[in-house]
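Chemist: Here is what each chain is made of, one letter per residue.
Protein chains: 2
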Amino acid sequence: MTQLLMAQQGKITTAMEQVAAVENCSAESVRERVAAGVAVIPINSHRNFPARAIGKGFSTKVNANIGTSPSRHKNEEELDKLNAALEAGADAVMDLSTGGDLWATLDLILKNSPVAVGTVPIYRVVSRLFAQKRPVTDMTVEDLLEEILLQAKAGVDFVTVHCGVTRQAMEVLDGCGRLMGMVSRGGSLMAEWMNKTGQENPLYEHFDRLLEIAAEHDVTLSLGDGLRPGAIADAHDRAQLFELNLLGQLAARAYKAGVQVMIEGPGHVPLSQIAADVTMQKKLCNGAPYYVLGPLPTDIAPGYDHIVGAIGGAVAAAAGVDFLCYVTPAEHLHLPSVDDVRQGVIASRIAAHIGDIEKGVSGARQWDEKMSRARRKFDWNTMFELAIDPPTARARRAGSEDAKRDVCTMCGDMCAIKTFERALEK
Amino acid sequence: MTQLLMAQQGKITTAMEQVAAVENCSAESVRERVAAGVAVIPINSHRNFPARAIGKGFSTKVNANIGTSPSRHKNEEELDKLNAALEAGADAVMDLSTGGDLWATLDLILKNSPVAVGTVPIYRVVSRLFAQKRPVTDMTVEDLLEEILLQAKAGVDFVTVHCGVTRQAMEVLDGCGRLMGMVSRGGSLMAEWMNKTGQENPLYEHFDRLLEIAAEHDVTLSLGDGLRPGAIADAHDRAQLFELNLLGQLAARAYKAGVQVMIEGPGHVPLSQIAADVTMQKKLCNGAPYYVLGPLPTDIAPGYDHIVGAIGGAVAAAAGVDFLCYVTPAEHLHLPSVDDVRQGVIASRIAAHIGDIEKGVSGARQWDEKMSRARRKFDWNTMFELAIDPPTARARRAGSEDAKRDVCTMCGDMCAIKTFERALEK
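Protein chains in written order, with our numbering: chain V, 869 to 1294; chain L, 869 to 1294.
Hints were generated in silico from the structure; no laboratory data involved.
Be careful, since some hints might not be right.
Stretch by stretch, here's where chain L covers chain V in the computed footprint (C-beta under 8 angstroms, at least three residues) [what the hints assert, rightly or not]:
(1) 978-985
(2) 1257-1263
Some chain V residues near chain L, calculated using beta-carbon distances under 7 angstroms [stated by the list, open to error]:
(3) L1201
(4) E1237
(5) A1291
Glycine included, every Cβ here is placed at the ideal spot set by N, Cα and C.
Isolated chain V, as found in the complex (with noise of 0.2 angstroms):
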């Protein structure tokens, strides 16, 4: 039985009033949304660990992804990520391991994680081809389907399934005339195996398989958007808008039968038409919850994606996006490192807490009103208990001149909090 559909019985979770207890609302209210489509809770079934929600009138979440790849993967490294992604506060962690033993770094990251783990099951199956030197039209639709099934009996959280990247939306972005085409690695894996089989994309062919899996270990569906746009120059294509639109139907089928289903979003958006992505989402998809990348409203900052990204999903998570993959100062040049992953998260949760201070979520607000009050009282201490990340803002005042005194090396004597008082002395 799938959250949703102990949800739409009116049956109230351990998930759900794990859920109310952080979001500081009742278990009833978080049933509701469940039900209604408009929240998700990923948590597998066979795994136990204290949920959380993603979608309407919740915290903004923010998912950190770590995993191998061919030229770097150590298992011992990947642990270090996961727990520099849950020291730095991620909500959920996806596992995109693409080298080395893959199955044992899943197991390690599933036993791990105290938040819902996440995978993209066609990097594994590939992985394995790419291994032995076969091409990926050697996939069978099978190796996808026992592959997703493997991790969902494994406790897999959540899956991004790129079920929207068909021959008909491959046709639309034939005439697109893209700068950058594809850039979704699950996306152009599968537009490979379609244009060379002359089949259609399985996990579309197949979705009500799928969807059986899914309901079965109550795997929640990411449906992944292949056609996301990598380069500004490329939003809102006939070929993204087409997929979206698609994505937008298979949530209605997956809803229908009791699987949770969340919709991936871009990628590379200029500025100004975030909010327009954000409301179409909605539109096209019942309300569905939104998980976007980034989106990183400039092409030309690598090695600050970081800040690109939190520009971005600061004004996506006010516009109502409810979950923000991060990106990190390696995107676009290397494999993340460890502190890439920290920078990444803290990062993310910056731009989360701006959409939440817009959004009205419980505690927002007032979390900056506390830092505020802290730093009129000139209460150090209570600043860096509120800060985003209370390590680094504790060493960078340690290290300067005027640790020891109450005013800071900034201004000194001419602070003008201390200059404010003596102001308004009679």
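With chain V fixed as given, assemble chain L onto it according to the hints.
Modeler: Below, chain L without anything else, positioned relative to chain V:
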């Protein structure tokens, strides 16, 4: 003769020609905008460097605040900060020194800066008093005007003057119940001086004398926002808007006197209020250039305020802000280091560029397009050359395992761009 007066007389100056060359427009269109007061070219008549314009239709400019403080004052370090700011692409710097030999530091910066240099003259008057253990109330009207005159003669290109912190403004503030009171150093010093001496703000009362000095040496006035909000909860209260309204009136007087003028803005502002803030400033100040600090749409991220400022700055620039004052990771904690300066400038430049894309600034979208074309072709050298911070992008890739291959360690052979190329093969 100021650039404004010459523009009004139909003269095209060398500075206007320099601006036209980099902004890819005609010198006549530069002249028109300066003449209308919707753009300024801050360049003191005693200085000679390639001028840049701030205002309508020009690319969004970035300022870096550098300078000493009483507990940290090393002139070599300030030179390093200046060079870091320039290398990172700052369009202007402000010397906000308050410690050590203030004239030596300013001289050093003026001698070495090929971009406009700004100051806050009251800092220097009060720093001297504080160094002698004397209170701000010992400052005389003549001390302040004399300091501004000396700096004008020395070549300072723009000065922040808190003319709007009047006795009436303080009365308005009194009823606002702010969390943070005043967070402007210059503004709070003026408030203390007024409240304790019982006199009116000399920069307001003697505004005409200020205009005479500015006109004679072509010092651009940056009308400071002493009542800017220092917490998002304080944004857009009566005190902030009373001062902005007054600054608009003073800007009109400066314009009539042939003095170039821009307006300073906040500060801490919730994301959804940033665009409205810009709209109000443009209306109340007859389109005078807007120079904002941040803005910061959340208070809770000490150690990461460059990211918070980039989020607010991008939205502000997209809404029409002309000039961004950077915020560094040191904000709210300590005086910025050389590396903080670099990080701050890059973050603000990202915000400025995202704004430029939305403003339709010449060449802005083309920059992104060139980057994406290089990315699709795996032309790493071009990508590095186009990166906002080429050395950082280059070093990151050079340190990764796949640096000698065309792919990167994120995806290796499972590269979406390569897969998509294969998918297109017939």
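Chemist: Kindly indicate which numbered hints from before are broken by the structure, ordering the numbers from low to high.
Modeler: Hint check: 1 fails alone, others pass.
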